[in-house]
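Participant: We have chain A; now place chain B onto it with these hints.
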Amino acid sequence: MNLRSRFVWRVIRVANGEFRLRIHYHKAGRLRWLSHLEVLHALERAVRRAGLAYAVTQGFSPHMKVAFGPALPVGTAGDNEYYDVWLTRYTEASEVLSSLRDSTPHDLAPLGAKYVGDSEPSLGAAITIAVYRVTVAGEESTSSQVRMALESLVGLGSLTVQRKGKDKVFDLARSLPKEACVSEKDGRSEVEIVVRMGPEGSLRPEVLVSQALSHASLDATVSHTTRTDTFIETTEGNWARPV
Amino acid sequence: MTPADLWPRIEPLLNRVERPSRYVDREWGACHSGDAEYRAVLVYPDTYEIGQANQAIAILYAILNTLPDVAAERAYLPWADMSALMREAAIPLFSLESCAPLGGFDLVGITLPYELSYSNVLETLDLADIPLRAVDRGEGDPLVIGGGPCAFNPEPVAAFFDAILIGEGEEALVEIVAAHRSAKARGASRGETLRQLSQVAGVYVPSLYVERRADGIFAGVEAIGGAPTVVVKRVVADFDALEPPTCGVVPFMDVVHDRFGIEVLRGCTRGCRFCQAGMVYRPVRERTPDSIMRAAVAGLACTGYDEISLTSLSTTDHSQLEEVLRRLSRRLAGSGVSVSLPSLRVDSFGVEMARLVAGGGKKSGLTFAPEAGTQRMRDVVNKNVSEDDLLGAVQRAFEAGWRRVKLYFMIGLPTETDSDVVGIGELVTRVLAVAKAATPPNARGSVRIAVSVSTFIPKAHTPFQWEPQIPLAEVRRRQTLLRESMPRKGVELHWHDSDVSFLEGVMARGGREIADVIETAWRAGARFDAWTECFSLQTWLDALANNGVDPSAVANRERLVDEPLPWDHLSAGLDRGFLVAERERALVATVTPDCSFEGCTGCEVCDELAVEIRLAGDSRG
Numbered sequence: 001m002n003l004r005s006r007f008v009w010r011v012i013r014v015a016n017g018e019f020r021l022r023i024h025y026h027k028a029g030r031l032r033w034l035s036h037l038e039v040l041h042a043l044e045r046a047v048r049r050a051g052l053a054y055a056v057t058q059g060f061s062p063h064m065k066v067a068f069g070p071a072l073p074v075g076t077a078g079d080n081e082y083y084d085v086w087l088t089r090y091t092e093a094s095e096v097l098s099s100l101r102d103s104t105p106h107d108l109a110p111l112g113a114k115y116v117g118d119s120e121p122s123l124g125a126a127i128t129i130a131v132y133r134v135t136v137a138g139e140e141s142t143s144s145q146v147r148m149a150l151e152s153l154v155g156l157g158s159l160t161v162q163r164k165g166k167d168k169v170f171d172l173a174r175s176l177p178k179e180a181c182v183s184e185k186d187g188r189s190e191v192e193i194v195v196r197m198g199p200e201g202s203l204r205p206e207v208l209v210s211q212a213l214s215h216a217s218l219d220a221t222v223s224h225t226t227r228t229d230t231f232i233e234t235t236e237g238n239w240a241r242p243v
Numbered sequence: 001m002t003p004a005d006l007w008p009r010i011e012p013l014l015n016r017v018e019r020p021s022r023y024v025d026r027e028w029g030a031c032h033s034g035d036a037e038y039r040a041v042l043v044y045p046d047t048y049e050i051g052q053a054n055q056a057i058a059i060l061y062a063i064l065n066t067l068p069d070v071a072a073e074r075a076y077l078p079w080a081d082m083s084a085l086m087r088e089a090a091i092p093l094f095s096l097e098s099c100a101p102l103g104g105f106d107l108v109g110i111t112l113p114y115e116l117s118y119s120n121v122l123e124t125l126d127l128a129d130i131p132l133r134a135v136d137r138g139e140g141d142p143l144v145i146g147g148g149p150c151a152f153n154p155e156p157v158a159a160f161f162d163a164i165l166i167g168e169g170e171e172a173l174v175e176i177v178a179a180h181r182s183a184k185a186r187g188a189s190r191g192e193t194l195r196q197l198s199q200v201a202g203v204y205v206p207s208l209y210v211e212r213r214a215d216g217i218f219a220g221v222e223a224i225g226g227a228p229t230v231v232v233k234r235v236v237a238d239f240d241a242l243e244p245p246t247c248g249v250v251p252f253m254d255v256v257h258d259r260f261g262i263e264v265l266r267g268c269t270r271g272c273r274f275c276q277a278g279m280v281y282r283p284v285r286e287r288t289p290d291s292i293m294r295a296a297v298a299g300l301a302c303t304g305y306d307e308i309s310l311t312s313l314s315t316t317d318h319s320q321l322e323e324v325l326r327r328l329s330r331r332l333a334g335s336g337v338s339v340s341l342p343s344l345r346v347d348s349f350g351v352e353m354a355r356l357v358a359g360g361g362k363k364s365g366l367t368f369a370p371e372a373g374t375q376r377m378r379d380v381v382n383k384n385v386s387e388d389d390l391l392g393a394v395q396r397a398f399e400a401g402w403r404r405v406k407l408y409f410m411i412g413l414p415t416e417t418d419s420d421v422v423g424i425g426e427l428v429t430r431v432l433a434v435a436k437a438a439t440p441p442n443a444r445g446s447v448r449i450a451v452s453v454s455t456f457i458p459k460a461h462t463p464f465q466w467e468p469q470i471p472l473a474e475v476r477r478r479q480t481l482l483r484e485s486m487p488r489k490g491v492e493l494h495w496h497d498s499d500v501s502f503l504e505g506v507m508a509r510g511g512r513e514i515a516d517v518i519e520t521a522w523r524a525g526a527r528f529d530a531w532t533e534c535f536s537l538q539t540w541l542d543a544l545a546n547n548g549v550d551p552s553a554v555a556n557r558e559r560l561v562d563e564p565l566p567w568d569h570l571s572a573g574l575d576r577g578f579l580v581a582e583r584e585r586a587l588v589a590t591v592t593p594d595c596s597f598e599g600c601t602g603c604e605v606c607d608e609l610a611v612e613i614r615l616a617g618d619s620r621g
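Chains as they are written, first to last, in my numbering: chain A, 1 to 243; chain B, 1 to 621.
Looking at chain B on its own, in the form it has when it is part of the complex:
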């Protein structure tokens, strides 16, 4: 069936909206597969410029479009000016490539990049004329599938999805599409199709799990209808064998991460105890320098970008990074193409790598994440970085000509005392002194230390999943304490909005009771919550109150180690005993080494998922 082309109705709206290039498609690399037998649309629930560079969507888009008789398209949430005009003209949310209504696709895949996108998920479904709740969808509605970082505790949005993929999608999405196609070919009902999908490893079908309560208290989630008791995340064992997409969509618009990105490694085993990504994306799997170079050369030729970024959770941890950077800079010499590293290891090696990248050219800021101000606190979170590492890195950077570094810290970490908070200010004072001493006297006036402080939010599947988040009033008190301990001159201090962190905390560990809250807040106008100018805590507090949900019981309450958690039926492959042990070690400030380099620490991911650590140029694993 040829899908309806909404373009003739959309174009007349474009001179009335900001940035029409969000809606025009026709970018280099966009796939126009025409009317394929099976049509999927991949949605990023935010504006085009925020979502376009998302690597997961780029990877899945490329994979789906190589499947025979399958077409994958993209959709983004229009900005409020456009969605208002679309509603006025009764135009549903459309895909970019064929400008077709989302409701006509076989599969609508929505990524869940951050908790604050949940109201946008509802806005997406509503604008697409797709019933918000899975239970209200009929045979003619598309299958709505979620995935991405927030899938590891998807319970707050579970009611809005027919299925949610836990973990990596390269292989799983192909299996999902195959299962759906075969169900369609058999003429299976929606219910049968979902039961079939629940048998695909890594696929969580929320309607096949029911919440149990005892005396009104959450008592766990139980599988029904033959669905697996625990859904275990998907992971690609041979990451290096996966061809990264090298001919992806090149946007016209100035988007975030507007460069050719190549994922050089996946996973991180440093073991920072607050970090959900470090826990749920294990084990570490590196691409070899040869694979990286091949992809870099092909990708730059195919996209025409003037910047290449080596992406991962921790790129300076790649075991062959130096070789990769040397080969890249030889290859790119004189082309005006630059290389960027998204984050740096906090030591002089990190700075050496940044020097390799910058060459003689522009030295844009360097970013380090010491996370905490005192050694005790860094040991608690297992950030294996000493003050000497940090000061050495800063000294090296300023000697090499950098004049600005950015430091990331968190407040509200478990066991934090006032002296740990003040310790951040004291550490920054020493950093500033080292930076100035390493800078020629005539340039010292331009030395800047940007300090960015966020509030710790306990996340599911981490050793801190049982910890309370500090209450809002306490966040403000510690922020004041920190401000007073921070040097004024030469320091730019930025906060992550504490109201936002509070809501994120509720979403991060909430259960199914949060679905009604999200719907109420969305109906009251909440959307684009990640945009400072659009966020209103009051809208959310009202929605929580209207649904009888006490947010502090979700965010600020310490859980018992043996109490059922809303995400217990979903597994990242981590052994619960490992998380408990890591928490106990945290509370006595004992560090745990990085298993990629210093032996197994017993998280059980490798055994549980039958995968292994793969370092480039290293046969161990």
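If we strip away everything but chain A, and leave its shape as in the complex, we get:
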């Protein structure tokens, strides 16, 4: 540890005891098939392998102090995902990033690391805006076909989704803060959808697109879903990245 970091360690350690490091990572390739819990365990293990001085919760069954952003479903990739890990020793963020890179499976690789204040709200609560790219393939998957299908479904104003045997109704005006954008790439359509997430549950974009396709009786299916970005919505209504 160099002199400067030792100095910072003393100052901040006295202030709050732990250092909250925000890691920016992706969920890509084959590992999009992992569940949220599997990603969480894999990244905790990566932190241990990296030899980081992580904080441990007090109590009956002590475990690593770590907190994750909103869950990604099985099969959905994420280009810009985040987790916070609390360290008991200050180490340059770039140094942590480099040891984490060496200890994390490539498809969950860390992309950046930055210390954040302990008073910042949790990632899970703060991130309320997510941008998705949904890829549609099939005989009837041109951008105009998909665009019309989506417009027609969104025009209904609400979407009813069955979840665990119960009907859940989404108000599409509230759930979709921006109009979906459809483009064509390699003979497939790519739909960019912005979703507002909330504690009462979030609309799954691939479900929206699938329902639009079947509503319009198109011979096409969703082949890939990626959450390309996540944002914190400020009180002024601006969208900011978590780091």
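Heads up, some of the hints might be wrong.
Stated by the list, open to error - As a list, the in silico DSS-like pairs of lysine-lysine whose alpha-carbon atoms are at most 30 Å apart:
(1) B:LYS489 / A:LYS65
(2) A:LYS178 / A:LYS164
(3) B:LYS362 / A:LYS65
(4) B:LYS489 / B:LYS363
(5) B:LYS363 / B:LYS436
(6) B:LYS406 / B:LYS362
Hints are computed from structural coordinates only; laboratory data are not their basis. Quick caveat, the model's predicted, so the values are computed rather than measured.
Facilitator: Just chain B now, with coordinates in the frame of chain A:
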């Protein structure tokens, strides 16, 4: 040759199946050796989450991948939803690392972890497009090799394997691969290759042994073509010198035994007469505390696990366990990493060790195996545990803050009478009373004794290999008797399914005639028999009947001591005279001491295999 990568065809199926992480590979520690000259795939014939933590596969995977020009990969049996989609799309069973069809490998190694996996062995071969029977395989097919616990009587599945390794694989598998490579280099035929393999110590090539029958009655198995008359198991003499794998595969999925396991000792010489593992994995060889610590530190750093397990047949019997646990808890203090012991010795020492492990933290349940309810019965099976040992352990555990213990018992042991069965209930009643008395009055309501009762299944190479298994109707009668003698409040009673035990009994001591039964049952849909929801006794009874096999003649018949047994051409190094003598001592309830601590008991394993007992920090042996 670059193997075909099936991933582009597999991925589109994943959103239609449960738990796709079973099939994606890319775990930390997985070896991607590319297109090596010799390719082996190690298969666990059950789902990923059941097989992933298997230590034998982890050890052999690590060893093979360090050999030059050799690549070892893994494969598991897909769950029924996935295999249905694969068959529909004509996708063969694939390895995880290169996503290549199993049929293209040089060697397919299938472990035989339990008898109920036999239908899955056929499912594995069929899904892989490999002919089920060794006799039907051609020059282009891989060599299918078996091994593992069930290899000590592999006769029911012998027809499905080209070769079966008896005993420990660390050294033997390297020799098998070398023999196969040299045969390939010479352009040897499949037949020549198998003859060559039969000369590797510990390797059993079933096609080089023929069954003899006299008047339709089994009369033994005879070696042909220069194969050894008796195949003797392999054993690693210097176990402590073996580096345990410390950078194994770390799964994404929540699997059974999801922790870093280090094998602290191999073998067990307590001499429980029902226990096949205790007989066939002799002698006891311990790792030293230094080796264990080295592996623990390296393994945790490399895998990132938050739990380490000290594994073996009987970890609390390690002669230096206390030192190991003290050093581990010092090393792991404040890291949130916990230690687990898989089983405990039935006495207060066991509880002290559990206390060392738990520290001030969570006290998950403790498990003890008194096995029988009366002292006479425990003497018959040579479980050298007294009631005082058990009650002392329970008292210590509840005083130390535990509120739940689990007890393992067996019914149907040789010489068992109704009073022995009722004795289990009476013993549990006393255990419960001791547990309550040792618990503060305000916490007594939460005291729980979990009682798990299985049916005794006689196993090959044990002193009870000649004993009858009690028939199904009798199992049910004794279960009822036991239920009535068991206290209701504070006790959770669990049974091992008697139908399952019956089939296990048929598999455990059956001969080659069972192969047709397994194939018939598999064709009728039997698979994943170890999964309660998938098991159907009727499917198996029909298969037995269709092949004219009387299962009770296999499971419920007492053998004559001098009658030929289906596994007589396979040796675990045990002297037959020792097994006979142990059986005679059992029948008069005479105990035999543990030879690791109290002198040789004459099993002959050390002489026969030129090995010796090795206790850590002890020069005797």
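Participant: Against each hint, give a clear statement of whether it holds in the structure.
Facilitator: Going down the list of hints, with the structure as the test:
no.	hint	in the structure
1	B:LYS489 / A:LYS65	40 Å, violated
2	A:LYS178 / A:LYS164	28 Å, holds
3	B:LYS362 / A:LYS65	18 Å, holds
4	B:LYS489 / B:LYS363	22 Å, holds
5	B:LYS363 / B:LYS436	17 Å, holds
6	B:LYS406 / B:LYS362	16 Å, holds
Hint violations for this structure: number 1 only, all remaining hints satisfied.
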